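All chains, please: the whole structure from these sequences, using the hints.
Listed in order, the protein sequences are those of chains W and X.
Quick note on the numbering used here: the first sequence kicks off at 232 and runs consecutively.
Quick note on the numbering used here: the second sequence kicks off at -12 and runs consecutively.
One or more hints might be untrue.
[What the hints assert, rightly or not] Using 20 Å as the maximum straight-line C-alpha spacing, the simulated SDA-like pairs for lysine to any residue come out as follows:
(1) X:LYS119 to X:PHE131
(2) X:LYS154 to X:ASN86
(3) X:LYS132 to W:ALA373
(4) X:LYS132 to W:LYS500
(5) X:LYS66 to W:VAL498
(6) W:LYS500 to X:PRO35
(7) W:LYS417 to W:ALA373
(8) X:LYS66 to W:LEU334
(9) X:LYS129 to W:LEU334
It should be emphasised that the hints constitute simulated quantities derived from the structure, not laboratory data.
Everything numeric in this text was worked out from a predicted model, so none of it was measured.
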Amino acid sequence: MKYIMIICCVCCMQQIQAQELFVFTEPASNMPSKSLGIRTMNGFMSRQTGGTNYHLMPELMWGINKKWMAHAQGFFSSRNTSGLQIDGASVYAKYRFYSADDLHSHFRMAAYGRFSMNKSPIMQQEIETMGFNSGYELGIIATQLLHKVAISSSVSFEKALDNGSANKFPISEADHAFNYTLSAGKLMLPKSYSTYSQTNLNVMVELLGQRLNGNGKSYLDIAPSVQLIINSQARIDIGYRKELYSTMQRMAPNGVILKLEYTLFNVFK
Amino acid sequence: MKNIIKFIIALLIIVPAQAQISKAELIATGLTCSMCSKATYKQLQSIPGVEKITTDLNSSSFIIQYKPGTAVNVADIRKKVQDAGFSVGSLVVDMNLKNVAAANNSSFSYNNSSFIFVETTAKSLHGIVKLKLLDKGFITDKEFKQLSKNAKQYPSYNSQVNAFHVKPI
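Structure representation (structure tokens):
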């Protein structure tokens, strides 16, 4: 009994080191105020019809204050040409409206919105305002830190608009969808922190789903990933997205994601 | 003569104020990774008058050392931690006091703010004293709720804007 007590005490005293810097979704937490984040997302997605689509999505992220952050992102891909062409761009804002921090846990909630412009041909039933459709997305995220694991979930409404006058959204297809995500992440290394220069290793797994309102078609993907944080300032994410099931037509659901990110602290006064 | 005037001026400058903060020990809450901790560290570094910050990443604690003579605004620390996206779980300052009579609801003034004693047994404080801040945003929400319940005996608690409530530890 005494040993159980000691073990419990030791466990309680240990600093909780979970991670919530997810690869395929955003957590409810914001980046620090007055900081600038630079990110590039590279996607190598296998086409259902054979071959690979390459996506390049450079992104700038700005911590405006403790409650607000904003992103601006460009979408480039090779899916319509042999080379790389620009498909569109988007702006994103997130507002953290609830935060309960304690010594050994925290719970946060945030609301977000994205508006995207895209000029590429619409070739799938899946709605994706990140790189495929013009449109907007509005959602809510909740993130809970629980001992050594961070769990985050989001729900959102996504609406597709015409991809310019040349690529109108097909009237016969559902143009709005309900999205849901569930993410869990865990810090594997280091076991104990000593300096900011230690490399952190995180593993994560995420579930990403969509249901098209109107026709009820849906998909669910699983996305495991590995993340390295170098010098507490740079991030390297490698993830794999795999379709678990789908009743809708999708162009290239499976593939490898490589994300690089660098944070510049206190850039803005 | 000139030298004597210079000496007197120098003496006036180095004479410490009635109260002086030399060090602040902070425990942040909500930190979940070294990246978060570094963000907090960078924010704290931007506070004027900070000489050195030492951190313990495992306990999310930061020890802030001020340059001598700095007029410290403790609310800056809270603001910077919140700007980084986190919260203050505990803040203890090292304050050099000169014969301050401490008792519940008694106060002294430092850098245009009142420091009011709560949860304090009456005594005279002299020399470097550790004072724990007990206002909202300087302790965990749980502690704040608990203290608010017992706060009837401290009329100023959770009411005055420019006052800090402290307890010698």
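Hint check results:
1. For the hint linking LYS119 of chain X to PHE131 of chain X, the alpha-carbon distance of about 13 Å falls within 20 Å, and the restraint holds.
2. Between LYS154 of chain X and ASN86 of chain X the alpha-carbon distance is near 16 Å, which keeps this suggested pair within the 20 Å criterion.
3. For a cut-off of 20 Å, the pair hint linking LYS132 of chain X to ALA373 of chain W is broken: about 24 Å separates their Cα positions.
4. Between the alpha carbons of LYS132 of chain X and LYS500 of chain W the distance comes to roughly 34 Å, so the proposed pair goes past 20 Å and is violated.
5. For a cut-off of 20 Å, the pair hint linking LYS66 of chain X to VAL498 of chain W stands: about 17 Å separates their Cα positions.
6. Restraint check for LYS500 of chain W and PRO35 of chain X: the C-alpha separation of about 13 Å stays at or below 20 Å, so the hint holds.
7. Proposed proximity of LYS417 of chain W and ALA373 of chain W is supported: the alpha carbons are some 17 Å apart, at most 20 Å.
8. A threshold of 20 Å between alpha carbons decides the hint, and for LYS66 of chain X with LEU334 of chain W the separation of about 18 Å falls inside it, so the pair holds.
9. Straight-line distance between C-alpha atoms of LYS129 of chain X and LEU334 of chain W comes to about 10 Å, which keeps the hinted pair within the 20 Å bound.
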